[in-house]
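> Below, each chain spelled out in residue letters.
2 protein chains.
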Amino acid sequence: MSNILYDFGAGRSDPSTFPTEALQAAAVKVIGEQFEEITQYPGNLGHAGLRRAMAEREGQREGVTIDPDHMILTNGSMQAVTLTAEALQENHGDAILLEEFSYPGTLSAYRSLKFDMVGIRLDEGGMRIDHMEEELERLEKEGRRPKFIYAISTYQNPTGFNMPRARRQEMIDLAARYEVPIIEDNCYADVHYEGDIEPAVFALDDNPNHIYLGSLSKILAPGFRLGYIYARPPMLEKILARRHDAGSNYLASAIAAEFYKNGIADHAAHTNPVLKNKRDLTTAGLKHELDDICVWSNPVGGLFIWVRIPDDVDRKVLYESAQANGVNFLPGTAFHYQNRNKPYLRLAFGHLTEQQIEDGIPILARCLRESRTSNEARSFETLFDEA
Amino acid sequence: MSNILYDFGAGRSDPSTFPTEALQAAAVKVIGEQFEEITQYPGNLGHAGLRRAMAEREGQREGVTIDPDHMILTNGSMQAVTLTAEALQENHGDAILLEEFSYPGTLSAYRSLKFDMVGIRLDEGGMRIDHMEEELERLEKEGRRPKFIYAISTYQNPTGFNMPRARRQEMIDLAARYEVPIIEDNCYADVHYEGDIEPAVFALDDNPNHIYLGSLSKILAPGFRLGYIYARPPMLEKILARRHDAGSNYLASAIAAEFYKNGIADHAAHTNPVLKNKRDLTTAGLKHELDDICVWSNPVGGLFIWVRIPDDVDRKVLYESAQANGVNFLPGTAFHYQNRNKPYLRLAFGHLTEQQIEDGIPILARCLRESRTSNEARSFETLFDEA
Chain A
33 MSNILYDFGA
43 GRSDPSTFPT
53 EALQAAAVKV
63 IGEQFEEITQ
73 YPGNLGHAGL
83 RRAMAEREGQ
93 REGVTIDPDH
103 MILTNGSMQA
113 VTLTAEALQE
123 NHGDAILLEE
133 FSYPGTLSAY
143 RSLKFDMVGI
153 RLDEGGMRID
163 HMEEELERLE
173 KEGRRPKFIY
183 AISTYQNPTG
193 FNMPRARRQE
203 MIDLAARYEV
213 PIIEDNCYAD
223 VHYEGDIEPA
233 VFALDDNPNH
243 IYLGSLSKIL
253 APGFRLGYIY
263 ARPPMLEKIL
273 ARRHDAGSNY
283 LASAIAAEFY
293 KNGIADHAAH
303 TNPVLKNKRD
313 LTTAGLKHEL
323 DDICVWSNPV
333 GGLFIWVRIP
343 DDVDRKVLYE
353 SAQANGVNFL
363 PGTAFHYQNR
373 NKPYLRLAFG
383 HLTEQQIEDG
393 IPILARCLRE
403 SRTSNEARSF
413 ETLFDEA
Chain B
33 MSNILYDFGA
43 GRSDPSTFPT
53 EALQAAAVKV
63 IGEQFEEITQ
73 YPGNLGHAGL
83 RRAMAEREGQ
93 REGVTIDPDH
103 MILTNGSMQA
113 VTLTAEALQE
123 NHGDAILLEE
133 FSYPGTLSAY
143 RSLKFDMVGI
153 RLDEGGMRID
163 HMEEELERLE
173 KEGRRPKFIY
183 AISTYQNPTG
193 FNMPRARRQE
203 MIDLAARYEV
213 PIIEDNCYAD
223 VHYEGDIEPA
233 VFALDDNPNH
243 IYLGSLSKIL
253 APGFRLGYIY
263 ARPPMLEKIL
273 ARRHDAGSNY
283 LASAIAAEFY
293 KNGIADHAAH
303 TNPVLKNKRD
313 LTTAGLKHEL
323 DDICVWSNPV
333 GGLFIWVRIP
343 DDVDRKVLYE
353 SAQANGVNFL
363 PGTAFHYQNR
373 NKPYLRLAFG
383 HLTEQQIEDG
393 IPILARCLRE
403 SRTSNEARSF
413 ETLFDEA
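Protein chains in written order, with the numbering used here: chain A, 33 to 419; chain B, 33 to 419.
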């Protein structure tokens, strides 16, 4: 990776909009005023001010009221993913449901915890409810109730898909029927470009067994390592009982709370147009270069574009020649719940400059064409035609 | 706890020596110069500068060289405690050895992970090697090799004991004989008041199976949530394979690295005399008030004094009357590996003012005398006479 000039690999936010001066001011204020708190342990829930700010963030977007005392700050949302899974796990081999293609960090955590992952097939609306029902029925017949459904329903990673409201309701109904909690990972929520915001599970359903995960890694910065869990009692206590790290970073929490004390909307209004423009440049580049042989998603939020590539691409050759030509991306395999080698790749556009995107896509396109064994046009119409 | 004026409960550092201005300057510098890194994921090992600073800290104190690439930054040393235990665990019910009285956070984590804890009896030199050998032999006869020995050998929590070098070597030899790794929790290391510094296990033994845990919570502040693991391959990889939180707080790490870029010695030289004076005030108060009925430790480092109280103290009455009179402490039960109710209490002196210590100890002494069922002098000579 030493000569990567065009890094479409990492799901990172845009560094040019990083609010340096406001965060410097917040840090000076917090360190000066809160040294008494900084010299204490933060407690299992964490910094009250940041929990209030995040409860407001979620509540405003979803139009419901959230109790900050039902929020647990975590070391990024990845601690939230791991902690909630540990809390719900009973035995190695417990079944869980999740998108067939999902976030590699989550897959790696669940693998390490020795869950039996059941991948649910996707279409442009996210997890297919017919397949989810089929798998729930199968598991019930085997006498195995899944411990949870893990869903990134909004601006899904890696596909960028946004599950429509009606399907969210169907998922909730199905989960209720089979008595399975939903862990909704909404870490891209505020990275929104256009169209309606689809409601979160907690905004559609009062069932207190569902768990909601949020993050500041995408809207602010991964280096703050700030995520959170929203869960209501008794689920809240069940999760807290599994936590043993004496609480999340108070210093980073206090700085973020100060920065977001008037809400998150102003910051999102500043950063999202920059990211939207990068999305547009990426899709325009793909349209110009690869329209005859590829299909891709056009996400209304988030940081990722999912590209279906021709079956006859030698994917090893493609990856190696892209790397040799300075282009990094993540291959579809990395996202498959069973690591299966599928004809996809993910482009993350948040961290590159506009120039890098404009220069990088044609290079990737050339590598892709050169790694094919034919010159035929694509044989598929949609992203999820049998791959 | 709302009316606690004398809080001997929490093991916290002194807030008056918190280096506010230096940390403010460090924060401004770091946020201004490292926004490119802050908008990235920190990686599993964490901020390289802080790892270098901590490797230097440990290496200088122990007189050996430490590779910063064998250090893993964690969310406080409690994440280190949990992560290493998870990495070494094979099954629920796995046996582990640890001090009969130990840190409640660790006990709670090990309980939650369903370890079978074997408590090793203590004397003024820490864990008794004869008892450790007895238990190792018993477990071997049962065909059960313990997964690890967890040892706070330096300024032990709650007793304040410091294991002498010769006994450390005996523990190492015994661990080698039974092929059991030692997890050495040295989170109080730099809070040193007087006398020689006893060497860490890694300074006495090249066996790469041992694991070392460090922290900045005691010398700097718990709100930074910075701890670390020092472990060599292949143990290093085994621990990293269990980590799923995408790395420790980059922001807090970068600020601490900037603050400690010239070493930790100057800061320790500033804070330790303040704490030493509080230790002296606490032990002087005990001597003045309770010499006829109690015995206590006189720690050469760390934040805790362990008090053996008379058997005829009604410990429930004592706790409640102390609370009612504004005095907080932790009862012995909280530290026992099986939560057994034993005639001890722990006084943490780091966070109170000198005045609070001078006023608080006589109040505690009065509560203690009033909760007795006799007026007899103490019947024990040492802290560990059969309790």
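Treat the hints loosely; a few may be bogus.
If several chains are the same, the list does not tell them apart, and a pair holds so long as it fits within one copy or across any two.
Taking lysine-lysine pairs in the BS3-like style, the calculated list, with each CA pair at most 30 Å apart, reads [unchecked claim]:
#, residue 1, residue 2
1, Lys146, Lys270
2, Lys308, Lys374
3, Lys319, Lys146
4, Lys270, Lys348
5, Lys146, Lys348
6, Lys173, Lys270
7, Lys61, Lys293
8, Lys146, Lys61
9, Lys146, Lys374
10, Lys319, Lys374
Bear in mind the hints are in silico, worked out from the structure with no lab data behind them.
> Please go over all the hints and tell whether each is borne out by the structure.
Hints and how they fare:
Taking the shortest Cα distances, lysine 146 and lysine 270 sit within 30 Å of each other both inside one copy (20 Å) and across copies (16 Å). In this homomeric assembly, lysine 308 and lysine 374 come within 30 Å of each other (Cα to Cα) only inside a single copy, at 28 Å, whereas the closest approach across copies is 63 Å. With identical chains, the CA atoms of lysine 319 and lysine 146 are never at most 30 Å apart, being 41 Å at best within one copy and 55 Å at best between copies. Proximity of lysine 270 to lysine 348 under the C-alpha cut-off of 30 Å is restricted to the inter-copy arrangement: shortest distance 29 Å between copies versus 44 Å within a copy.
Taking CA atoms no more than 30 Å apart as the test, lysine 146 paired with lysine 348 passes inside one copy only; the shortest distance there is 29 Å, against 44 Å between copies. In the homo-oligomer, the alpha carbons of lysine 173 and lysine 270 lie at most 30 Å apart inside one protomer (28 Å), although the nearest pairing across protomers, at 37 Å, exceeds that limit. Both within a single protomer and between protomers do lysine 61 and lysine 293 lie at most 30 Å apart by alpha-carbon distance, with minima of 13 Å and 23 Å respectively. Taking identical chains as interchangeable, the C-alpha atoms of lysine 146 and lysine 61 are never at most 30 Å apart, the minima being 45 Å within one chain and 43 Å between chains.
Proximity of lysine 146 and lysine 374 under a CA criterion of 30 Å is satisfied intra-copy only: 23 Å inside one chain copy versus 40 Å between copies. Within a single copy, lysine 319 and lysine 374 get their C-alpha atoms as close as 22 Å, which meets the 30 Å cut-off; across copies the closest is 74 Å, which misses it.
Of the hints listed earlier, those the structure fails to meet are numbers 3, 8, in rising order.
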